[in-house]
Amino acid sequence: MKKNHIIIVTLLIMLTIFALATYFYSAKQVETKNQLAAQNTSAFIAEHSPRKGNPHAKVTIVEFVDPACETCKDFHPIIKDLLKKYPAKINVVIRYAPFHQGSDQMVAILEAARKQDKFWDTLDLMFETQQSWAIHHKARPDLFWNELKKAKLLDLTRLKQDMNDPAILKVIQKDLADGQALGANKTPTFFVNGKPLPRFGYQPLMDLVNSELTANY
Numbered sequence: 001m002k003k004n005h006i007i008i009v010t011l012l013i014m015l016t017i018f019a020l021a022t023y024f025y026s027a028k029q030v031e032t033k034n035q036l037a038a039q040n041t042s043a044f045i046a047e048h049s050p051r052k053g054n055p056h057a058k059v060t061i062v063e064f065v066d067p068a069c070e071t072c073k074d075f076h077p078i079i080k081d082l083l084k085k086y087p088a089k090i091n092v093v094i095r096y097a098p099f100h101q102g103s104d105q106m107v108a109i110l111e112a113a114r115k116q117d118k119f120w121d122t123l124d125l126m127f128e129t130q131q132s133w134a135i136h137h138k139a140r141p142d143l144f145w146n147e148l149k150k151a152k153l154l155d156l157t158r159l160k161q162d163m164n165d166p167a168i169l170k171v172i173q174k175d176l177a178d179g180q181a182l183g184a185n186k187t188p189t190f191f192v193n194g195k196p197l198p199r200f201g202y203q204p205l206m207d208l209v210n211s212e213l214t215a216n217y
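Under full-length UniProt numbering, the first residue of the sequence shown is numbered 1, with each subsequent residue one higher.
The hints are simulated quantities; they were obtained by calculation from the structure and are not laboratory data. Keep in mind that a hint or two might mislead.
[Stated by the list, open to error] Here are the simulated DSSO-like cross-link-like pairs (lysine-lysine), alpha carbons at most 30 Å apart as the crow flies:
1. K52 - K160
2. K80 - K186
3. K170 - K195
4. K73 - K84
5. K52 - K115
Throw the hints in and build the complete structure from the sequences for me.
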């Protein structure tokens, strides 16, 4: 009985130590991101960055996104809902973080689609059909091509040509460099008016957005 008691107490102590270590590690990460954000304000938005919403809005959400990221897919409708709810008060800026294998080609599709004014429609289609072309955390652009054919959204001949534009690689490199400067090492990573989320999740994002809306309007 005494031995069991010692084991239980030991386990409780270990769990407490682990919880405290996790808390302080998370707090340190947030502190680091805040410091990086303050030191690299020019890294949030690039001239080439796709944007949606009111360009003069007082609340700007910057999202580092990977088209093959399942969590990015889950957050996509949330961002769309915010834009629908606050069309005059929010501006959304997309930055690329193609960490998954093959995602750079998905970015090339998006950038080529921009030349046909179909960036957002194509991004919607990517997330809606993600399960059909993102296999085992790897992007399969060839499988997404089938979705594009079915959607009849784009001139695919022109799209294929525009995907070879050397400027796309520079866009990706710039976004990855800016993401690294800001500590955006996973997707999605959000910044609201230059502030990182205190912790990742739906509620922290909503809380920060609402806080900035209240402070600015």
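Status of the hints after comparison with the structure:
1. Restraint check for K52 and K160: the C-alpha separation of about 25 Å stays at or below 30 Å, so the hint holds.
2. A hinted pair counts as satisfied when its Cα atoms are at most 30 Å apart, and K80 with K186 qualifies at roughly 21 Å.
3. For the suggested pair K170 and K195, the alpha carbons sit about 26 Å apart, so the restraint of at most 30 Å is met.
4. As the CA atoms of K73 and K84 are separated by approximately 17 Å, the hinted pair is consistent with the 30 Å bound.
5. A threshold of 30 Å between alpha carbons decides the hint, and for K52 with K115 the separation of about 16 Å falls inside it, so the pair holds.
Hint compliance for this structure: every hint is met.
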